[in-house]
Amino acid sequence: MSIWEYANPVRFMRLTDRVLPIVAGLAALALALGLVWGFFFTPDDYKQGSTVKILYIHVPAATMAVSAWFMMLVTSLIWLVRRHHVSALSAKAAAPVGMVFTLIGLITGAIWGQPMWGTWWAWDPRLTSFLILFLFYLGYMALWEAIEDSDMAADLTAVLCIVGSVFAFLSRYAVNFWNQGLHQGASLSLDKKEHVSDVFWQPLVISIGGFGLLFVALVLARTRTEIRLRRASALMARERRVA
Amino acid sequence: MMALLLRDLRLAFRSGGGFGLALAFFLLVAVLVPLGVGPDGATLGRIAPGILWVGALLSCLLSLDRVFALDYEDGSLDLLAASPMPMEGVVAVKALAHWLVTGLPLTALSPLLALMLNLPPGGFLWLLATLLVGTPALSIIGAFGAALVVGIKRGGLLLSLLVLPLYVPTLIFGAEVVRRGALGMSVATPMVLLAAVTLGSLATLPFAAAAAIRISLR
Chain A
1 MSIWEYANPV RFMRLTDRVL PIVAGLAALA LALGLVWGFF FTPDDYKQGS TVKILYIHVP
61 AATMAVSAWF MMLVTSLIWL VRRHHVSALS AKAAAPVGMV FTLIGLITGA IWGQPMWGTW
121 WAWDPRLTSF LILFLFYLGY MALWEAIEDS DMAADLTAVL CIVGSVFAFL SRYAVNFWNQ
181 GLHQGASLSL DKKEHVSDVF WQPLVISIGG FGLLFVALVL ARTRTEIRLR RASALMARER
241 RVA
Chain B
1 MMALLLRDLR LAFRSGGGFG LALAFFLLVA VLVPLGVGPD GATLGRIAPG ILWVGALLSC
61 LLSLDRVFAL DYEDGSLDLL AASPMPMEGV VAVKALAHWL VTGLPLTALS PLLALMLNLP
121 PGGFLWLLAT LLVGTPALSI IGAFGAALVV GIKRGGLLLS LLVLPLYVPT LIFGAEVVRR
181 GALGMSVATP MVLLAAVTLG SLATLPFAAA AAIRISLR
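Residue numbers (my numbering), protein chains in the order written: chain A, 1 to 243; chain B, 1 to 218.
A couple of the hints might just be wrong.
As the list claims (entries may be wrong) - Calculated cross-link-like contacts (lysine to any residue; reagent style SDA-like; alpha-carbon spacing at most 20 angstroms):
{"id": "1", "chain 1": "B", "residue 1": "153", "chain 2": "A", "residue 2": "149"}
{"id": "2", "chain 1": "B", "residue 1": "153", "chain 2": "A", "residue 2": "138"}
{"id": "3", "chain 1": "B", "residue 1": "153", "chain 2": "A", "residue 2": "35"}
{"id": "4", "chain 1": "B", "residue 1": "153", "chain 2": "A", "residue 2": "153"}
{"id": "5", "chain 1": "B", "residue 1": "153", "chain 2": "A", "residue 2": "4"}
Said to hold, decoys possible - Negatives, chain A to chain B, calculated, CB over 10 angstroms:
{"id": "6", "residue": "48"}
{"id": "7", "residue": "150"}
{"id": "8", "residue": "228"}
{"id": "9", "residue": "230"}
{"id": "10", "residue": "238"}
Rather than coming from a laboratory, the hints here were simulated on the basis of the structure.
Backbone N, C-alpha and C fix where the C-beta goes; we use that ideal spot for every residue, glycine too.
Build out the structure end to end from the sequences listed, making use of the hints.
Given below as structure tokens:
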């Protein structure tokens, strides 16, 4: 019994058929709990007032935007090494989800920045590196779309994902050079004592969990769609050969 | 390898539209920006490092789709793949040829444009130095991008979407060195990082680009 068993599309479909509703349900539960708790049952920040509550969308979306790219990197590597189609398709399925999370992070950040910093947009290192990440997602998706042969597309996008990861990482630290930040430090961290206060922290962790589960659910659903699409086109190709 | 380099250089010089075009484009960028920003010398001097670096970036991008696409279309890339020369070497040579016909002339032309853009005198040396160190990275990163889209018809626009984000670190460090140099500040750290990006790209990207070409030729 190993995880590689689920590289078999039939096994993957059978498993996810059962798992997907559970994950989606848990995601809805965690999101509802985290967001309702965050929006209605936490005190206002003493400086930021109620605007601080956008935190419960902004931080989880941003966390998942980066995690999604990391997941694509891992599944791309698995595809290149072990040639499991499910792996490549899950990377393809994750890209638009990650892109939307990046966009949510940017937009909620702008909405939050307007009252707090007095500007919708600042060329702050974090904001800039997120914009660059967004461009990486666009390029990755465009390359998938541009290549007709699906195995070739999977190979080339995997190579792009690996090289892109290195350069995205470089850019993340390069922008620090170029401008001092307006953005606050990490809201959560494992090694530091100082982060947001406990009243904000608990609903935040729950909504991060909710966004994580939402991401898993969306990627599973999209991967299932991709597998079905692959099957359908294989069937159509066979029909044409017979006719 | 030498033969391939000479062949690429000859093609670039004789086929027209490749060699001079990037330089003319670079010149155009340097002319258009003052037209858009206004002729104020102090403003231009302050943004000159950025303009020149962005201009160099875009000019490099312009000729990238020719690096592999023509050879792919007429089949020479298949011959090169079948030759005893490793594909990594082919990529490196082609990137070198691209650099010799774009990066190097751009570097040589840059002081003139910097003069026109009123770059402070302290920045000239660093502009030359950063372009000399940074443009090889632009060529090899571009060659990688060109290798990714080699099998795609009309991949030009896609190429810029793929390559420009990869240019970000080089641009940041390069322009930062010139900016600091123009202000008379210490440039050691960004300069070292710029060189690191170039050397790292030169060491690794030929392998990634060769892998992409092998996939496209499959």
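**OP:** Hints the structure violates: just list their numbers, smallest first.
**Re:** 3 and 5
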